[in-house]
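Whenever a hint applies, use it, and build me the whole structure from the sequences.
Protein chains in written order, with our numbering: chain B, 449 to 759; chain L, 58 to 359.
Since the hints were made in silico from the structure, they are not lab data. Treat the hints with caution; some may be incorrect.
Some chain B residues close to chain L (C-beta under 10 Å, calculated; not the full set) [unchecked claim]:
1) R451
2) T463
3) I658
4) A661
5) P754
In silico SDA-like links for lysine to any residue, alpha-carbon gap of 20 Å or less [unchecked claim]:
6) K181(L) <-> A669(B)
7) K670(B) <-> D184(L)
8) K256(L) <-> D244(L)
9) K510(B) <-> R456(B)
10) K117(L) <-> A78(L)
11) K704(B) <-> I734(B)
12) K118(L) <-> R659(B)
13) K118(L) <-> D651(B)
14) K117(L) <-> S577(B)
15) K670(B) <-> P163(L)
16) K670(B) <-> L120(L)
17) K256(L) <-> D232(L)
18) K670(B) <-> T166(L)
19) K117(L) <-> P496(B)
20) K704(B) <-> G689(B)
21) K139(L) <-> R673(B)
22) K139(L) <-> R659(B)
23) K139(L) <-> V466(B)
24) K117(L) <-> L650(B)
25) K510(B) <-> F472(B)
26) K117(L) <-> I734(B)
27) K670(B) <-> D232(L)
28) K510(B) <-> G529(B)
29) K69(L) <-> L137(L)
Here are a few chain L residues that sit away from chain B, every Cβ distance over 12 Å (derived from the structure) [what the hints assert, rightly or not]:
30) A71
31) E126
32) E156
33) S165
34) P200
35) D272
36) S278
As the structure is a prediction and not an experimental result, all values here were calculated from the model. By construction, the Cβ of each residue, glycine as well, lies at the ideal position given by its N, Cα and C atoms.
Listed below are the residues making up each chain.
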Amino acid sequence: MLRFALRRNLQIVPTVIVVALLIFVIFSVVPGSFAASLFADGKRAADPQMMARLTQELGLDKPLMERFVTYVTDLARFDLGTSFRTRQPVIDLINDRMWASLQLAIAAMVFAVLVGVPLGFLAALRPGSVLDTVTMIGAVSGLSMPQFWLGLLMMYVFALQLNWLPSFGYGDGSLQNLILPAVTLGVTPLALLARTTRAGVLDVLNADFIRTAHSKGMSEAKVVRWHVARNALVLIVTTVGLQFGSLIGQAVVIEKLFAWPGIGSLLVDSVAIRDIPVVQGTILVIVLWFLIINTAVDLIYAAIDPRIKQE
Amino acid sequence: MTAPLLDVRGLKVAARLGDRAHPILKEVSFQIMPGEAYGLVGESGSGKSVTSLAVMGLLKKPLRVAGGEILFKGQDLLQLSKREMRRLRGNRVAMIFQEPMTALNPLSTVGRQIAEMFVLHQGKGWDEAQRLAVDALASVRVPNPDRRARNFPHQMSGGLRQRVMIAMALACNPDLLIADEPTTALDVTVQAEVLRLIKELCAERGTAVLFISHDLGVIASTCQRVGVMYSGCLVEENETQALFGDPRHEYTRGLLGALPRLGSRSQHGRQRLVDIDSIISDRSKLTETRFIAPRAAEGGQP
Ligand SMILES: Nc1ncnc2c1ncn2[C@@H]1O[C@H](COP(=O)(O)OP(=O)(O)OP(=O)(O)O)[C@@H](O)[C@H]1O
Ligand SMILES: [Mg+2]
Numbered sequence: 449m450l451r452f453a454l455r456r457n458l459q460i461v462p463t464v465i466v467v468a469l470l471i472f473v474i475f476s477v478v479p480g481s482f483a484a485s486l487f488a489d490g491k492r493a494a495d496p497q498m499m500a501r502l503t504q505e506l507g508l509d510k511p512l513m514e515r516f517v518t519y520v521t522d523l524a525r526f527d528l529g530t531s532f533r534t535r536q537p538v539i540d541l542i543n544d545r546m547w548a549s550l551q552l553a554i555a556a557m558v559f560a561v562l563v564g565v566p567l568g569f570l571a572a573l574r575p576g577s578v579l580d581t582v583t584m585i586g587a588v589s590g591l592s593m594p595q596f597w598l599g600l601l602m603m604y605v606f607a608l609q610l611n612w613l614p615s616f617g618y619g620d621g622s623l624q625n626l627i628l629p630a631v632t633l634g635v636t637p638l639a640l641l642a643r644t645t646r647a648g649v650l651d652v653l654n655a656d657f658i659r660t661a662h663s664k665g666m667s668e669a670k671v672v673r674w675h676v677a678r679n680a681l682v683l684i685v686t687t688v689g690l691q692f693g694s695l696i697g698q699a700v701v702i703e704k705l706f707a708w709p710g711i712g713s714l715l716v717d718s719v720a721i722r723d724i725p726v727v728q729g730t731i732l733v734i735v736l737w738f739l740i741i742n743t744a745v746d747l748i749y750a751a752i753d754p755r756i757k758q759e
Numbered sequence: 058m059t060a061p062l063l064d065v066r067g068l069k070v071a072a073r074l075g076d077r078a079h080p081i082l083k084e085v086s087f088q089i090m091p092g093e094a095y096g097l098v099g100e101s102g103s104g105k106s107v108t109s110l111a112v113m114g115l116l117k118k119p120l121r122v123a124g125g126e127i128l129f130k131g132q133d134l135l136q137l138s139k140r141e142m143r144r145l146r147g148n149r150v151a152m153i154f155q156e157p158m159t160a161l162n163p164l165s166t167v168g169r170q171i172a173e174m175f176v177l178h179q180g181k182g183w184d185e186a187q188r189l190a191v192d193a194l195a196s197v198r199v200p201n202p203d204r205r206a207r208n209f210p211h212q213m214s215g216g217l218r219q220r221v222m223i224a225m226a227l228a229c230n231p232d233l234l235i236a237d238e239p240t241t242a243l244d245v246t247v248q249a250e251v252l253r254l255i256k257e258l259c260a261e262r263g264t265a266v267l268f269i270s271h272d273l274g275v276i277a278s279t280c281q282r283v284g285v286m287y288s289g290c291l292v293e294e295n296e297t298q299a300l301f302g303d304p305r306h307e308y309t310r311g312l313l314g315a316l317p318r319l320g321s322r323s324q325h326g327r328q329r330l331v332d333i334d335s336i337i338s339d340r341s342k343l344t345e346t347r348f349i350a351p352r353a354a355e356g357g358q359p
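Take a look at the structure:
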């Protein structure tokens, strides 16, 4: 198990290197430059002198190869460069936002798991029941509802009408500020989890070994606890992992709506003004997040399913 | 005259699809004496598995019992509450299924899966139950039972898994073991071993067996009496020797006639396989006749 974990963790390193290279290549060939975006207001051409000065200042006049070497050597020292706009180290910018993003993603996921998994489970145990029907209709609605609209609705109801919760802002990380954005962000994974859990449990219930369990004279509750739960967990963990990974990206809309200082909005803002170092750094961090989640999922798999360690 | 252990009387099972009930078992009656091995043969879809599941009380929607009685030690299983039925199931009546590959939980050690029996029916703690599970594995002649108990099903061969199933089914020393094609999924050499194991263990412990198979050879070598099922009816029943020597029912004759025989070849060096439908004349009339031989032990009473 330990060896498996170690090997799985080491696999992250080459992936990160490849991704870093890809990011660099992509952003050296995309059209448009930070300098141009800073000066162009769409009416007049930018002042060429100013452009040249800025380009030189930012080191964008150096040959591609040289820039690449600098980028890689800096990266090896965990230096993600300096923002074109704010002239702050990118790592600091990300650092400021990372915690808020993690908070939001984790809170959303916890909410989704705590509500979605039990609902899916109960729905599967009583297919066709009122609970099942309501859950599945709810899940479809949850999946098809635009997030910003849901967010606005939540704001309107819980912040404006009921005045229970603050409508936006980070509020120095208070739990109250976290609730509305987290719940809004959590609705999609919740709906997905409820559905996959239900499908997964139904699948397990049809398995031959469940018939065996019944033939032993086990009560329904024991069958579920001893034989269904663990087997259904495999599918649930997959879904949680996939959702968790993409949550940071999905969070952009929510971050904008609730003025939440997350990494998603940092990325979008930086792309808009071609602040390449920040874009590169943010993407790298998001990729790293994906990889860590994936590794965690694989390790959990191996812990649940004895067949995986063997390969 | 001893009382039968299992006495199935006029069992009817129907499948409710929409608001129509389709008959699946039309009329199944048979008796199994304590310690007796009873064989059930018949073509695919004749209702052998449904019969065994009905006895176990494991019929799932849309199937349900539509009539008859299933007397076990004189008590009608159909009248028992769910709870009473659970106490019997696995404990007094146990079952082995056809597919050893999927009949065990892949995420749980086989030792634990056997141990569950002792926890469920004998109120043992897990530690003691695990020890008893090792003994149970030893009793089905699994080598290294200590180590094997910690194995997961995927680490075992089909034959070993079926032994685990047998150990599990016999764990609580049931009075009746139902074996629904327990060897069909295994290769031939392993089949013979597993068969012998079931036969010997049940004989040792005085466990009665309801043995279901397509394979007439298997039935002939295992069972004292045989029932032949056709299309939801038990159409003929007799002592094994008598039935094979003198099949009375047209369907049974067809079934036996369709058997390939070793050593009987035509002049071309090949044996023609006979299609059962070329032997029996009219399938629609088959369920109208019954040949239930009186049991010798009962002194000729039908
Ligand atoms: N869930 C079900 N719904 C409807 N019909 C069913 C169901 N299960 C079984 N049947 C029908 O009941 C009949 C008997 O099935 P059963 O499985 O008992 O046959 P069998 O004799 O065990 O055959 P095999 O030798 O293939 O195992 C079949 O015609 C089958 O179509
Ligand atoms: Mg069958």
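Outcome of the hint check:
1. Of the supplied interface hints, the one on R451(B) is violated, with its beta-carbon coming no nearer than about 19 Å to a beta-carbon of chain L, more than 10 Å.
2. The restraint placing T463(B) at the interface with chain L is violated, with a minimum CB-CB distance near 29 Å, outside the 10 Å limit.
3. For I658(B), the interface hint holds, since its Cβ comes within 10 Å of a Cβ in chain L; the closest pair sits about 8 Å apart.
4. Taking 10 Å as the C-beta cut-off, the interface hint given for A661(B) holds, the closest approach to chain L being about 7 Å.
5. The interface hint given for P754(B) is met, as the beta carbon of that residue sits about 4 Å from the closest beta carbon of chain L, less than 10 Å.
6. This hinted pair checks out: K181(L) and A669(B) have alpha carbons roughly 19 Å apart, not beyond 20 Å.
7. Straight-line distance between C-alpha atoms of K670(B) and D184(L) comes to about 18 Å, which keeps the hinted pair within the 20 Å bound.
8. Pair hint K256(L) plus D244(L) holds up; C-alpha atoms about 18 Å apart against a cutoff of 20 Å.
9. Restraint check: the Cα-Cα separation between K510(B) and R456(B) comes to about 38 Å, which exceeds 20 Å; the hinted pair is violated.
10. Between the alpha carbons of K117(L) and A78(L) the distance comes to roughly 14 Å, so the proposed pair stays at or under 20 Å and holds.
11. Pair hint K704(B) plus I734(B) holds up; C-alpha atoms about 18 Å apart against a cutoff of 20 Å.
12. Restraint check for K118(L) and R659(B): the C-alpha separation of about 13 Å stays at or below 20 Å, so the hint holds.
13. Distance restraint check for K118(L) and D651(B): the Cα-Cα separation of roughly 16 Å lies within the 20 Å cut-off, and the hinted pair is therefore satisfied.
14. This hinted pair checks out: K117(L) and S577(B) have alpha carbons roughly 17 Å apart, not beyond 20 Å.
15. Under the criterion of a C-alpha separation no larger than 20 Å, the hint pairing K670(B) with P163(L) is consistent with the structure, at around 17 Å.
16. With a C-alpha separation of about 24 Å, the suggested pairing of K670(B) with L120(L) is violated against the 20 Å cut-off.
17. A hinted pair counts as satisfied when its Cα atoms are at most 20 Å apart, and K256(L) with D232(L) qualifies at roughly 14 Å.
18. Under the criterion of a C-alpha separation no larger than 20 Å, the hint pairing K670(B) with T166(L) is consistent with the structure, at around 17 Å.
19. For the hint pairing K117(L) with P496(B), the CA-to-CA distance comes to about 80 Å; that exceeds 20 Å, so the pair is violated.
20. Distance hint between K704(B) and G689(B) is unfulfilled; the C-alpha atoms sit about 24 Å from each other, more than 20 Å.
21. Distance restraint check for K139(L) and R673(B): the Cα-Cα separation of roughly 19 Å lies within the 20 Å cut-off, and the hinted pair is therefore satisfied.
22. Proximity of K139(L) to R659(B) is assessed by CA-CA distance (about 16 Å); at most 20 Å being required, the pair is judged to hold.
23. Using a Cα cut-off of 20 Å, the hinted pair K139(L) and V466(B) is violated, with the two alpha carbons roughly 60 Å apart.
24. Simply put, K117(L) and L650(B) have alpha-carbon atoms about 14 Å apart, close enough for the 20 Å limit, and the pair holds.
25. A distance of roughly 15 Å separates the Cα atoms of K510(B) and F472(B); the hinted pair therefore holds under the 20 Å criterion.
26. Taking the CA atoms of K117(L) and I734(B), the gap is near 49 Å; set against the 20 Å cutoff, the hint is violated.
27. Distance check on the hinted pair: K670(B) and D232(L) sit about 24 Å apart at the alpha-carbon level, beyond 20 Å; violated.
28. At roughly 15 Å between alpha-carbon atoms, K510(B) and G529(B) fall within 20 Å of each other, so this suggested pair holds.
29. For the proposed pair K69(L) and L137(L), the alpha carbon gap of about 17 Å is at most 20 Å, so the pair holds.
30. Chain B leaves A71(L) outside its interface by the beta-carbon criterion, the shortest separation being 20 Å against a cut-off of 12 Å.
31. Even its closest Cβ contact with chain B, about 21 Å, leaves E126(L) beyond 12 Å, as expected for a residue assigned away from the interface.
32. For E156(L), the requirement that its beta carbon stay farther than 12 Å from each beta carbon of chain B is not met, with the minimum near 6 Å.
33. Not every beta carbon of chain B lies more than 12 Å from that of S165(L), the smallest distance being close to 7 Å; the non-interface claim is violated.
34. Under the 12 Å C-beta cut-off, the non-interface status given to P200(L) relative to chain B holds; the minimum distance is some 21 Å.
35. The beta carbon of D272(L) is kept farther than 12 Å from every beta carbon of chain B, the shortest such distance being approximately 21 Å.
36. No Cβ of chain B approaches the Cβ of S278(L) within 12 Å, the least distance being about 26 Å, so the stated non-interface status holds.
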